[in-house]
Amino acid sequence: MEFRDYYQILGVSKTADADEIKKAFRKLARKYHPDVSKEADAGARMTELNEANTVLSDPEKRAAYDALGARPQGGQDFRPPPDWNAGREYSGGGMSDAEAAGFSDFFSNLFGESARRAGGTGGAHRAEQMRGEDHHAKVVIDLADAYNGATRAITLRAAKLDASGHVVNEERTLNVNIPKGLKAGQHIRLNGQGSAGFGGAPSGDLFLEISFTPDARYRVDGRDVIEAMPLAPWEAALGASIEMPTPSGTVQVTVPPGSQAGRKLRLRGRGIPGQGSNEAGDLYLEISIVLPPANTDAARKIYEDMARDMAFNPRAANATSTQGAKA
Amino acid sequence: MSTMNMTIFSGVIVDDATLTIQELACACSVETTWVVQRVSDGLLPCENPAPATAETNWRFTSAALIRARRLLSIERTFDANAEVSALVVDLMEEVSALRSQLPKRAAQAAS
Numbered sequence: 001m002e003f004r005d006y007y008q009i010l011g012v013s014k015t016a017d018a019d020e021i022k023k024a025f026r027k028l029a030r031k032y033h034p035d036v037s038k039e040a041d042a043g044a045r046m047t048e049l050n051e052a053n054t055v056l057s058d059p060e061k062r063a064a065y066d067a068l069g070a071r072p073q074g075g076q077d078f079r080p081p082p083d084w085n086a087g088r089e090y091s092g093g094g095m096s097d098a099e100a101a102g103f104s105d106f107f108s109n110l111f112g113e114s115a116r117r118a119g120g121t122g123g124a125h126r127a128e129q130m131r132g133e134d135h136h137a138k139v140v141i142d143l144a145d146a147y148n149g150a151t152r153a154i155t156l157r158a159a160k161l162d163a164s165g166h167v168v169n170e171e172r173t174l175n176v177n178i179p180k181g182l183k184a185g186q187h188i189r190l191n192g193q194g195s196a197g198f199g200g201a202p203s204g205d206l207f208l209e210i211s212f213t214p215d216a217r218y219r220v221d222g223r224d225v226i227e228a229m230p231l232a233p234w235e236a237a238l239g240a241s242i243e244m245p246t247p248s249g250t251v252q253v254t255v256p257p258g259s260q261a262g263r264k265l266r267l268r269g270r271g272i273p274g275q276g277s278n279e280a281g282d283l284y285l286e287i288s289i290v291l292p293p294a295n296t297d298a299a300r301k302i303y304e305d306m307a308r309d310m311a312f313n314p315r316a317a318n319a320t321s322t323q324g325a326k327a
Numbered sequence: 328m329s330t331m332n333m334t335i336f337s338g339v340i341v342d343d344a345t346l347t348i349q350e351l352a353c354a355c356s357v358e359t360t361w362v363v364q365r366v367s368d369g370l371l372p373c374e375n376p377a378p379a380t381a382e383t384n385w386r387f388t389s390a391a392l393i394r395a396r397r398l399l400s401i402e403r404t405f406d407a408n409a410e411v412s413a414l415v416v417d418l419m420e421e422v423s424a425l426r427s428q429l430p431k432r433a434a435q436a437a438s
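So the protein sequences, as listed, match chains A and B.
Just so you know, this note's numbering puts 57 at position 57 of the first sequence, and the rest follows in order with no gaps.
Quick note, this note's numbering runs 327 ahead of the 1-based positions in the second sequence.
Bound conformation, chain A alone:
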């Protein structure tokens, strides 16, 4: 397994005291917290920081980690000394099984089993029987999946005890039915797909949080969908009947004469489909006006004719407000 240098991850020296470790962790956690970070690998870095902090902020784990010695040279696989963990006791894991599931093989091999023996669920005492912990995962689906429903393969990584009682990280793939009508931020709950229970108690559940793949064509607000509808100037000015591709298929749209950019046309019930007692959302087509380029003599002449023949000042409103301000 690959050695993890927890001091390097937190950017502290091996002699750092508890306060220095706490400050270093919080500083980096601000930078990499996945809810606010702009870094692409924020989620992975935050898991790494949590792992390092779990070990270095716990005096028992830190002492055990320090006893391992240094990182092996030349990219060799790391193996802890045979009697490294003999006689060590841990008073509590300080993290849940679900949280530790994302930690490295290095952590699982060194602390997983011991933490479990000591009741590693946030310091709670392990009862004779205890329901397995719930797990969480995020699932990114296309907007079309919310309209039509889909089946998605979801790969999950979780720490489990093998037949000999050792902790191993296991990957599994679940094929999950995504029902139509889901909104971003909703959860699908899969009963019994979390951690295994203890002492014959039932397994925990798996919560899948839904989000949508970003798509430049759409914005989504609950079950309402806002789609940009580019129009040629003459379609907006004179009105038109146009074919418009939407998430639920191409529709014929009547554009009223005099349509301005920014105005929205609502197609009732053509947003994300309803679910149970909830009604379907609406689709809003937001008008934008795209100018044809003046890159030929003919095109330039049309613009010149318009400039000459149409008494049109698009800044008339600005001029009025400026006069008002002066007065």
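Treat the hints loosely; a few may be bogus.
Pulled from the structure, derived: some chain B residues nowhere near chain A, Cβ distances all over 10 Å [what the hints assert, rightly or not]:
no., residue
1, Thr359
2, Val366
3, Val411
Stretch by stretch, here's where chain B covers chain A in the computed footprint (C-beta under 8 Å, at least three residues) [to be verified]:
no., stretch
4, 170-179
5, 195-207
6, 219-230
Calculated from the structure, these hints are not laboratory results.
Backbone N, C-alpha and C fix where the C-beta goes; we use that ideal spot for every residue, glycine too.
Go by the hints and put chain B onto chain A.
Structure of chain B alone, referenced to chain A:
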């Protein structure tokens, strides 16, 4: 080791079936007292939260589950008290809502 399971799993959609206080506490790996305190302080939304309503009748949506996990994450990571954590989460939710209203290019520039 990768295990391909060909069974197609169909789950329950949270909101069609809201979570009880026990279920929310399990989903967040906290005691129910953590939930009770935050609902009582108005930091976590729930249905039927009137003081006279028994806690067993409280129900929590998907949005409440996301908020509870964010509150917990901020509290644990920064040793923050519940009110400060709720303020941070309020701001996160506000930024997220505003970004979702921006056209894609503007949202990328703002992020």
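Hint check results:
Every CB of chain A lies more than 10 Å from the CB of Thr359 of chain B, the least distance being 13 Å, so the non-interface label holds. Consistency note on Val366 of chain B: stated as away from chain A, and its beta-carbon is indeed over 10 Å from all of that chain's, at 19 Å minimum. At roughly 13 Å, the least C-beta separation between Val411 of chain B and chain A is larger than 10 Å, which holds for a residue marked as non-interface. Under the rule that three or more residues need a Cβ within less than 8 Å of chain B, the assignment of the stretch 170-179 of chain A holds, with 9 such residues.
Under a criterion of three residues with beta carbons nearer than 8 Å to beta carbons of chain B, the stated coverage of the stretch 195-207 of chain A is upheld, 4 such residues being counted. Check on the stretch 219-230 of chain A: 4 of its residues sit with their Cβ under 8 Å from a Cβ of chain B, so the three-residue criterion for coverage holds.
Checked against the numbered hints above, the structure violates none of them.
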